[in-house]
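Chemist: Just so you know, the protein sequences line up as chains A and B, in that order. Here the first sequence stands for residues 1 to 595, numbered as in this note's numbering. Here the second sequence stands for residues 1 to 368, numbered as in this note's numbering.
No lab work stands behind these hints, which were simulated from the structure alone. All clues given are correct.
Sample of chain A residues with no beta-carbon within 12 Å of chain B, all distances over it, derived: (1) 49; (2) 87; (3) 113; (4) 282; (5) 449.
Short derived list, chain B residues pointing at chain A, Cβ under 8 Å: (6) 53; (7) 89; (8) 144; (9) 148; (10) 149; (11) 187; (12) 221.
Ideal placement from N, C-alpha and C gives every residue a C-beta, glycine not left out.
Single-letter residue listing:
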Amino acid sequence: MRRYLPAVAALFVFTSLAVAQPPMALKQEADRVAVIARVKPTVVAVFARGGQGGGTGVLISDDGYALTNFHVVAPTGPTMQCGLADGVLYDGVLVGWDKIGDVALIKLLPKKQGQKFPFSQMGNSDLVREGDWSIAMGNPFLLATDFTPTVTFGLVSGVHRYQPPAGSGLLEYTDCIQIDTSINPGNSGGPLFNLKGEVIGINGRGSFDKRGRINSGVGYAISINQIKNFMGHLRAGLDSDHASLGALVRTEAEGFGIGKTNVTTILDEADAARRGLQVDDQIVSFADRLISSDNHYKNVVGIFPRGWRVPLVYSRGDTRKEILVRLMGAQRKEIPDTTKPKVDPKPPKGLPGKKGPQGPAAKFYVARAGFANYYFNKLEKENLLAAFKKNGDFSTVGGDWKLEGKIRLLKANFPSDFVAEIKDIKVGASEKPTVILKIGAFADTLDIFPGDKEVEISKRRMPKGSGGFMPALYVWKHFLTKGEVGLSECIRGGTEPFYPPPTDNSVPKEWAKQRVDTEVITSTMGNYKTKWFYAKTDQKLLGFELRMQEYNEDPCEVYFSDYRAVSGRQLPHRMQVYYEGVHYGTFTITSYNLK
Amino acid sequence: MTRIFTYTCKFALACCVIGIAATNVAAQAPVTGVVGDVNKRMVKLFGIGGFKNLPSYGSGILVSAKGHILTVNNHILNTPGILVHLYDGRQYQAKVLVREPELDVALLKIDEEINFLPHFTFEGAATKPLAENGDWILAFSNQFKIALRDEPMSVQRGVIMSVADLRGRRGVFDAPYAGEAYFLDVIACNPGAAGGVLTNRKGELLGVLGRELKSTSTNTWVNYAVPIQATVEVQRLDVKAGKTVTNKESIVTFVQKALVGKYEATVKAKREDKGAYHGITLVVNAVSSTPPYVEELAQGSPAALAGLQPDDLILYVDGESVPTIKNFREAIKAYEPGREVTIQFQRGNQLISAKMKLTAQPKAPVSK
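Just chain B, same shape as in the assembly:
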């Protein structure tokens, strides 16, 4: 009975999804009105960059009539005079008021007394549910610096492929934001797109477009946006108590507090990301090409259990050649705890292959 019921439920859900898909097809009505409306609430940003594949331009979102701008917390802001182009071609300079590295956003303010700009508001936004998989979206940005002055932003349309945690890991791909994200089927995260707008088809703000993000292991790119109401944990120094406290913040709370000058600075938490634990201590990495000789093994560690011994020379990690200590560390960093890797090593004139099951980092160092 229960099983039948579950099936009914699933069937209903399936119908539901089909229904949504059908209405998405109906989304053929032009969105030109919405596009013009959103464009007025956006700015083109120009700052520092132009080297190392880093663009000197970006996109921003107006969040107050006075010229407060929400954008991505990236390198282009590291200059005293950030140039802003409004939708009508007017130019201003802006300064950074406050940044939130955990959300990867910053709030800027145009350096002039104005009070007339069209902008996005955040009232009630915090309690709005997140958009869902399959929802139809529009992405607006000044990718590739196609637009200058009064030329409108580029608009693209797509769907939300999934709403999931963005978990960038060093060694595989280092994401500047770790939290719930919208993953998009449209190639929206091009150079200069970060800080752009993700809306639904009514032009309502859903999120802030993320940066260019590529997995170095698969050479694929992912396109994401940070939902405005997604919360992350931030660390603040409590001076009186003399310790750090953890708070939750979202883009909505960040903007609401920052607009009235009440967003307290946070400290960037050091992400504990040492990769998985193997228990091998290698010889001193004296020169850049020091080969990965085993110096010591922690008792009961995955490597010890796999049968490695001091003075073994590690040659391959899962078939990948690791001629230097650096290569070995990079190779092993890519694995998560729980993964079994094949280690091939040389002992005397023997070539030995062993399986090593990695674990989580132990709380306290097992041995030095």
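Next up, chain A with everything else stripped away, as it sits in the complex:
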């Protein structure tokens, strides 16, 4: 028996060593428990009204906005019920969705005015690495009838993963986070947290294969950075579309080396084609990320909304060039089918097989084609226009405008004087919107809304080479002074990057460094389609783009800077005009005369 004694002694020594270590372990455990306790109240159990089916969500603002999956709210319809961890059930309404990205934004209605909801911070998913820890919270199998979320803990198995669309081109997981953290049906739409309790993704899907639709050790979360790109669109109630470059690529492994991703096909109407990208060009980087495989390419393209501009670097032979590309849509046809009769844009209330709005949240829902919920589009547009008003009240200066200053045209050696008059000329009982632009000794007069539209479109791109700065001036003045009156459409867009060129009009080395985040409104007046860019920080109008056709056309780009007050109104004293990627000229304004 004695021979066992040393072994026992050794065991005890080992045990005491093991016990000596836990302080760190206990601290980590305590930290983790604290983080879970902190974020738990922000996790939402989402149910269809009546409790049939549902998923999870996470609150991201104190006024009740919560993220979830598109595939969670698609069956619930525009109104749903949302349980929080304290057991209180709230009414919820759909705000916006991104069908391809499988994301939806919903809003919980407060029980009383001014009620603040607990919410989670969004992290930076680009900092997540494989091997990091992650915490998933949600309502797997809809177990929690008291809405207390289930917590699972695990490893990030991979980042920047690509998972192809699941059915009819929707639910494509690009640049997503792969986890071994257990997620099951019901976890959909729920948050994936890092150990700081920041939301790094929205759990939504897994690889199942033969084992049935339960956790198989491989789950995927939509990266929060992708969702941030769409946040403006979601808040604006849009049925947002993802981007495509308008080109197909293939990665070749020449000589079994590192993959080169080359363009195999490119659409004529793609902006990338107009910017010079051709078949066989190698795509080096896209939105500042290097491309060396098809998955990389799909990952990078897949995280952007339609219409965003991103820098793209391509190489052809020995030359390498950076271009700024406007992205096309992925979901809807770019070219409208004119052969089909126009249908009423209002869809019937309560689509077949889907529930219409019900309950107290129904008054926050307005159905309209192209929108997840038009109510929020109107709300966000009004909020933005109201915020813009701090730049001055333009409603009292709706008369004739006269701008004077200097312009140096692209090929000119010296600047010339210019005078621009924006006025409505009285012709009998009606008024004829007109812009007169005099550069040096040469004056052009443009009738903004001539009778025969088809013939006149190309002639209205005046002055020549500007893409339409003269109509742009009129539309700008009208929008500032009259607002939505006289517009056939005025819609709140999402958040978009805007790239003001350097004030010396040089071509920047990296377009990414010029990027400013803006809030967008699109408007239509006659056949002038305008996209207005407001600075996200102070709602200053940084510029706009004017098109005369819907597609396959470069807009006239106007960049505003050097804002100064003119009798209490903030006005730009520098307007840089670009068309087809070329600097037309810069108007320096020395005097404004507003009536």
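Chain A is fixed; fit chain B onto it per the hints.
Modeler: Chain B in isolation, oriented as in the chain A frame:
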């Protein structure tokens, strides 16, 4: 006194286990560095497959700077050009050098003269003790073909649930490897994961991930890895002596010998797996739906002892209907020697139930 002592011992052990569990909690430190390091020593493999639920992709482990790859000995290798994607996106083709079916592994070599690849080494690995129950592990593989080219492998973490013999039996579940294995609590053995890496949290190689394995009787999946130092018996033909000899090999000895071209081919031993013995000879299985009529019974056999007679028609085995000879054989195959099964059979117009205790197969056939 002895009893008290035993208890003390058990208590100490219990403390010890708790201690380990506590340090496992401490394993919350990120493992990102280890993950990147292991990923560089792994390859994605693409070969034949894509039919019958068999994937055309797999995972492999670099074991030399020259591009020797250790992987599972499965169907994707049955093609002359196996495509290899390195961690940095470079692509090569590889050929199979040698296989060891008993270990269920194969060694491949990249078809190009290179000498710079990061890889796992096996020095001293053979004498390292096996990992233990409760040890914390990481599993790396290209399951579900999630990664292509330079995209990193999937990493999962878990613990070793047990270190035990993997005993697959035909009829219940047929395991391609029979020997000591690590059983994992993490769902690591997904399609394409076989041939992946099992490491400890320092990134040291512990084993090679096994294939997808499902018990057909319980419909459950098991996740396992073959420990690199676990030995199995292999058969080799000794041409001079004109007989087969038995040797012991492990993944470590396989790789070490195969790297220098000295791993001698083995013959796959026919696994004696006839199931348990009952002693019934059925009528000739003439058509696919021949019912299981008893033709003969071996003297003193379990069936004879249970009271069966020639011309009896077997209807049920442990309550499971066996309308054909094939059904009967499949049903009985699932039982081990020593098990008592209930046989229900028809004799004339009587339904008789009897208990039959199965035994091991007799050495020589008792009767024809």
